[in-house]
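Peer 1: This is what each chain is made of:
Number of protein chains: 4
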Amino acid sequence: MNTFGLHLRVSTFGESHGKAIGCVMDGLPAGLKIDESRIAFECKRRSGGKSEFTTQRKEVDEIEILSGIFEGKTTGTPLAMIIFNQDIKSRDYADIKDIFRPSHADFTYFHKYGFRDYRGGGRASARESVARVAAGAIAKMLLEHFGIFCESGVYAVGGIEASEIDFEYAKKSEIFALDKEVELAQKNLIDEARRSHDSIGGSVLVRAIGKIPIGLGEGLYYKLDSALGSLMMGLNGVKAFEIGLGIKSAHKRGSQSNDCMDENGFLSNYSGGILGGLSNGESIDLRVHFKPTPSIFLPQKTRDITNRAVELKLKGRHDPCIAIRGSIVCEAMLALVLADMLLLNTNSKLEYLEKIYK
Amino acid sequence: MNTFGLHLRVSTFGESHGKAIGCVMDGLPAGLKIDESRIAFECKRRSGGKSEFTTQRKEVDEIEILSGIFEGKTTGTPLAMIIFNQDIKSRDYADIKDIFRPSHADFTYFHKYGFRDYRGGGRASARESVARVAAGAIAKMLLEHFGIFCESGVYAVGGIEASEIDFEYAKKSEIFALDKEVELAQKNLIDEARRSHDSIGGSVLVRAIGKIPIGLGEGLYYKLDSALGSLMMGLNGVKAFEIGLGIKSAHKRGSQSNDCMDENGFLSNYSGGILGGLSNGESIDLRVHFKPTPSIFLPQKTRDITNRAVELKLKGRHDPCIAIRGSIVCEAMLALVLADMLLLNTNSKLEYLEKIYK
Amino acid sequence: MNTFGLHLRVSTFGESHGKAIGCVMDGLPAGLKIDESRIAFECKRRSGGKSEFTTQRKEVDEIEILSGIFEGKTTGTPLAMIIFNQDIKSRDYADIKDIFRPSHADFTYFHKYGFRDYRGGGRASARESVARVAAGAIAKMLLEHFGIFCESGVYAVGGIEASEIDFEYAKKSEIFALDKEVELAQKNLIDEARRSHDSIGGSVLVRAIGKIPIGLGEGLYYKLDSALGSLMMGLNGVKAFEIGLGIKSAHKRGSQSNDCMDENGFLSNYSGGILGGLSNGESIDLRVHFKPTPSIFLPQKTRDITNRAVELKLKGRHDPCIAIRGSIVCEAMLALVLADMLLLNTNSKLEYLEKIYK
Amino acid sequence: MNTFGLHLRVSTFGESHGKAIGCVMDGLPAGLKIDESRIAFECKRRSGGKSEFTTQRKEVDEIEILSGIFEGKTTGTPLAMIIFNQDIKSRDYADIKDIFRPSHADFTYFHKYGFRDYRGGGRASARESVARVAAGAIAKMLLEHFGIFCESGVYAVGGIEASEIDFEYAKKSEIFALDKEVELAQKNLIDEARRSHDSIGGSVLVRAIGKIPIGLGEGLYYKLDSALGSLMMGLNGVKAFEIGLGIKSAHKRGSQSNDCMDENGFLSNYSGGILGGLSNGESIDLRVHFKPTPSIFLPQKTRDITNRAVELKLKGRHDPCIAIRGSIVCEAMLALVLADMLLLNTNSKLEYLEKIYK
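Residue numbers (the numbering used here), protein chains in the order written: chain A, 738 to 1095; chain B, 738 to 1095; chain C, 738 to 1095; chain D, 738 to 1095.
Excised from the complex, chain A in its bound form:
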């Protein structure tokens, strides 16, 4: 299954060191104005090569739209996008051709599919996420047409957490830090990890704001939190996911975590904008936790494909903290989920159908 979404279905294809990465979006309504520069802008936010805090692989991603647009607008037919791979250094991987990198997908892919695509992780590489971000840019244009906006930032690196949340600041920060006050300490932690040939974990805050209709989410198995959980937990390196108060809610009493209301609206947003699996109109707040990059440059005990124990000394180019670029991917996934839910919701009540057909 390399497709997600129920009405707005996104399929991606491509390997890290193959010819191209791409995606096909099916189910977009016709008539949506597409600004191609916006897609480039979002992909650039995601791409590396910018600083010592992210990978040195230069992903100058040129996104080409192949179909689904006519005279600047969506046509209702599949919108396909393609990004040809560049700056591929498969040679980097020749040494580890037969060796499983610890905590990588190498080992499990080998056993599932019966062969070893050693070139940069193949399909399991985070490289694929550029297709998600390109698709996310389209979803954002749809959402923004209806006044809904998505934003993200890094709120924790290692143990160091933000106390203030400033999404505007995150946009300018090299590490997408949400809190200017702790940014330097967070950068230092990344730098130390990198210098000691190690890596570091981090956590991301993602948020949707604006005119979110009440009631987004579908049935019991495609609830809004369910769909978000699915896509966030499926991102490379993500090991935990929270909505609203998250884990903290498990420590509370009901009287401390219920969102009461008065005639002006909700008095709190502990639920993170979701009740009973449906949006309640408040801002949607998600926390996504990334493990440290498994590719580290310290010697590690592992096995080769013949099951012999070997010591691995990895080379190559890797992000010391995947949460940084991961935040942009999370933001794209949130946009894609909300866009799908917006489309699915048009059939929730007969009254809506009457607006169209009567």
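Certain hints may be false.
Given that identical chains are not distinguished, each listed pair holds provided it fits within a single copy or across any two copies.
[Stated by the list, open to error] Capping the alpha-carbon separation at 27 Å, the derived lysine-lysine pairs in DSS-like fashion look like this:
(1) K985 with K917
(2) K989 with K1052
(3) K810 with K1092
(4) K989 with K917
(5) K1038 with K989
(6) K909 with K781
(7) K989 with K909
(8) K781 with K756
(9) K948 with K770
(10) K909 with K1095
(11) K989 with K924
Hints in this document: simulated from the structure, not taken from any laboratory.
Since we're looking at a predicted model, the values are computed, not measured.
Take the given structure of chain A and dock chains B, C and D to it, following the hints.
Peer 2: Chains B, C and D only, in chain A's frame:
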């Protein structure tokens, strides 16, 4: 979408105070022996009325299999199960007919669907989970045939966490406590909450052990962690989900969270049995965090359906800590995901097809 | 796959001689008024026992709605219906327990699933179609709310074809004959077949009329003709399917089969209301061709489950011409496809979304 | 929905006069050897420009595989293929920019999506079928690995039908004629139609032979005949579909159309290789009927987008008989359906799972 699973598809139907709750399982292989008493056993584990720690609603669930079984074995056709609702006290809800209970699905369902099914939460009630547990029992029989086992327990109530993990003990504990040493303290916390007309949050540990094949999980959008994240986050009251080290991995360095290997296997299981979205053969470890029951009996500020501010004083029967019964539901969901993945995996390589067709 | 539909998903379960037959409809909009007597009425049209032209098995189908309705209207949650089986004579089948009936599903089911459910065909029985008709009744209520109507009738038995098409007459005819003039000859053909312990084929005309919106149908693989082709070809005994001119169009020139237009609309309807896979607003005309009932009472050469050649002399109760009752099922399937397409179409253009969200 | 298949899912994208046409195949098992020249071969069979019997548009389709292959074998990840469009003459269409061509998708697409993509039919063009044929070539390699083969040919043009069926001859025939004896008469009919600026209908026979396992087909709504009916009826210009005896079976008695058996196997194949929606091991026989090309060069009454009546005189390049090239597309669709069914069937019984996991 009231269906989940790709090959093994489970659809559920029914409302808390309607005629019946049921499920239809499609995609089961023919020839699996079904022990009906096992289904009853699992549903009994989930049902309330046992102690002061769970709801007083008596759910004496009699599960009837309607189809899909012939001479004690599955037939490959849809297996439908039905549970007629009993001990329904819809009157309890008459007072709150027009009032939204804080942090309940009432408010969002009303806006999405345009009406108020006030009878015990309707489709949004945790009552529906009996159908999941019945389906999970079938999934367990399939998994156990191949040597895979699922288990669960409560590891935290409020802030009080288990230090030892003993799944055998949990089976006998009234609150499914994993650690005998903290059980009493956990019970006291629940009791205090209940006595003060309040409720309390809790956390659950779910585990799969045994002969888990390496490689369960499908593509990039139906990874094992993704499917688990979807179903666990979709459970009523769940606000956070972790795999393996979970949030803690975001605080670590790579050298502290990578699972190294030698010729005998993995040296640790920080990843919780999942690498690159595929099972790695180790035990699968999940943590699921439940908020406190939103139904509390303290006065709360809320609104009625005409948007007037009102004060709510709730009556009725509710679990003071939904994590307890929730653990059984989590266990069922894990079994259902693994069963689906086991079936999907049979086409992963040509070699498998050759075993069947050549 | 015992589910069909993309937004309006219908799942059915149950075997001919099992406890019950049922269906679950997911994706209905909330707020649709449901007249339960209409469901009973449609199921009665389909049920046998009425005359010598259909089966003597008495299917007094009492349909019970289990969920998805509140105060007479749909709730947006799954609508489940159940029909408990009655008048089951499994003994009739004891003699053929180990013998494959020619041109029946017995042989293929046995090889696929590895066992023999001899009781009246099990899941492969046309008995299951009662669930389709019940679901179709709901779909009709949705369509009729928007001015769309479905109707059907038998236009050919054996080689004898109708020259006039009168759907009103078909409603009253014992064999749902569309043409009063040929009805007697058609009846005689059925009667002759029955008396000589044989059966006879027949053909059905199904039509949708009224305010069919232009544009129903989705993408290239869920075109309106594609969805109809799928469901009609999947009915028991159907061996051919035509839209509009059907096979005759393969004999024509373009100038003889194109539907021209003037300012008042189409000048012909050779296309049967579908262009490019989308409805064009004209009436939708389908022809569905049923083979003769395979259950005949003449001696036939066949095999038993040990592959020995045997002669079969069948007993039991069977329709001499399955096209008669089949017409009602076709009508239900047309309604279900159109209802699904009506729902899917609400997202075809941004303008529709603006009607709901702006 | 621009995706079909349940386990082997094929998604296509692209418009006739857009940048590219492509497809993504998801769900292929890893380890299948791919011969790229075979893909080119199949696409060349489908492409026009060969004779006066097909379009003059030169579709020199160069298919590029972008992903999913490593060292000549499938990897289990999505296999994407792309064909950049060439020889595009959008100018041809400038004159009809605002006019609906009779019996074309123009009219319905305009109303559904709210705009007019006049360039060669956009997504509704038969040009898209090159992606199907490329995907079909992959499916054939999988099937042939297991001894299953697909073939096709034209058996009727206008009213002139083949009496002999020779698939080997069809491969060499300019019009893929199955019967050498009637080929010339069929060619003449096409030629006459073309010379009188008209077009002509035709019919295709498609067949699968070889080691077809008994039991291919899934549940009641993804039966083998249902899936075939869906995809064949969804092809441009197809108005009727038959399996085995097809329409003729509606004229027969049961004793004339049942397939009896002895210890050596079936004594006839009236059912066309499908019983109860499952393959019975015999050859699968399908007939697909195409209407005449709607693009004719005679004056026709139609409307423009402002609903004014106009007379259309079409120019451009079109096949006089779409059934010819259509036969190759039908063959590809049959291969794709069978490949999907082969994969789905691996879970039909526990015994199969045991071969893999025990």
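Peer 1: Could you run down the list of hints and mark each one as holding or not?
Peer 2: Do the hints match the structure? See the list:
1. For the homomeric pair K985 and K917, the shortest alpha-carbon distances inside one copy (25 Å) and between copies (24 Å) are both at most 27 Å.
2. Within a single copy, K989 and K1052 get their C-alpha atoms only as close as 46 Å, which misses the 27 Å cut-off; across copies the closest is 21 Å, which meets it.
3. Taking the closest pair of Cα atoms, K810 and K1092 come within 27 Å of each other both inside a single copy (24 Å) and across two copies (19 Å).
4. Taking the shortest alpha-carbon separations for K989 and K917, only the inter-copy value of 22 Å comes in at or below 27 Å, while the best intra-copy value is 30 Å.
5. Proximity of K1038 and K989 under a CA criterion of 27 Å is satisfied inter-copy only: 19 Å between copies versus 42 Å inside one chain copy.
6. In this assembly of identical chains, the alpha carbons of K909 and K781 lie at most 27 Å apart only when taken from the same copy (13 Å versus 53 Å across copies).
7. Taking identical chains as interchangeable, the C-alpha atoms of K989 and K909 lie at most 27 Å apart only when they sit on different chains, with a minimum of 26 Å there against 36 Å within one chain.
8. Both within a single protomer and between protomers do K781 and K756 lie at most 27 Å apart by alpha-carbon distance, with minima of 20 Å and 24 Å respectively.
9. Within a single copy, K948 and K770 get their C-alpha atoms as close as 20 Å, which meets the 27 Å cut-off; across copies the closest is 31 Å, which misses it.
10. For a Cα distance limit of 27 Å, the shortest separation of K909 from K1095 qualifies neither inside one copy, at 49 Å, nor across copies, at 33 Å.
11. In the homo-oligomer, the alpha carbons of K989 and K924 lie at most 27 Å apart only across protomers (15 Å), although the nearest pairing inside one protomer, at 33 Å, exceeds that limit.
Hint compliance for this structure: hint 10 alone is broken.
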